[in-house]
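Undergrad: Numbering (my numbering), first residue to last: 112 to 330.
Read the hints as simulated data drawn from the structure, not as lab findings.
The beta carbon of each residue, even a glycine, is placed where N, CA and C say it ideally should be.
Hints are supplied without guarantee of correctness; some may be wrong.
Stated by the list, open to error - Per label pair, the in silico range of CB-to-CB distance:
#, residue 1, residue 2, range
1, V147, I171, 16 to 26 Å
2, R224, G305, 28 to 38 Å
3, A221, D167, 35 to 45 Å
4, A152, L280, 41 to 51 Å
5, V147, G212, 23 to 33 Å
6, Y149, G305, 35 to 45 Å
7, P211, V147, 37 to 47 Å
8, A152, G302, 32 to 42 Å
9, T277, A244, 39 to 49 Å
10, D272, I164, 16 to 26 Å
11, S300, G173, 34 to 44 Å
12, F162, N290, 22 to 32 Å
Claimed, not checked - Derived DSSO-like pairs (lysine-lysine); straight-line CA-CA distance at most 27 Å:
#, residue 1, residue 2
13, K165, K232
14, K240, K198
15, K232, K198
16, K165, K198
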Amino acid sequence: MNHTQNRDQSVRPHPIALATLIGRELRGYKTEKPLVCYGHAGLAKRGEDYFLIKPDCQRIPGNPSTSFSVFAIFDGHNGVSAAVFTKEHLLDHVMGAIPPGIGREEWLHALPRALVAGFVKTDIEFQRKGREASGTTATLVVIDGLTVTVASVGDSRCILDSNGGTISLLTVDHRLEENEEERERVTASGGEVGRLNLCGGQEVLIRKELCCTSLHQCH
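Please work from the sequences and hints to get the whole structure.
TA: What follows is the structure in structure tokens.
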């Protein structure tokens, strides 16, 4: 029994980083379906941070060949309601915006628009509840084969780290002091950008919300 286990382990292929497989595909190499590994650490003691891990989603229920993985992180502030609500509803709203019964390529093509629709619907529905003035960042990653699609609001970054040491930032921070486009968007939406005098000091007012989505899709 031990001999069989050792033999099986010796022939098992080593996991290959997703970034490496993507690079091979871009160079025209024949690649296998990636092995997705995940983990988490460093949760804040305040309890306003939440995450979502669903490695075995299926576009067609009961059909393993339609599997894809979803990972998300939600950095709440001023309470937990927004982060909890977004964790519980965002993915359903995204999937509900994709037409049923379509093939993989059509599904991938429809995904970016569905992400925008899902983020907006989640924001609107939470505001209608009018519970508390809480907010949250949201970064959602969908991995289907060698296609990685990322949508985000706020400043919870998604970073692609390749075996060769190349670091690629897949999201754009929606922080007012660093992002001129975000300041212009807030102003155009009727908001104001300024400084608050808190505890005797000057602090930049940072606004995080779910109505502005940054999308990035790589193959």
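Undergrad: Under the constraints set out in the numbered hints, which ones does this structure not fulfil?
TA: 3, 4, 7
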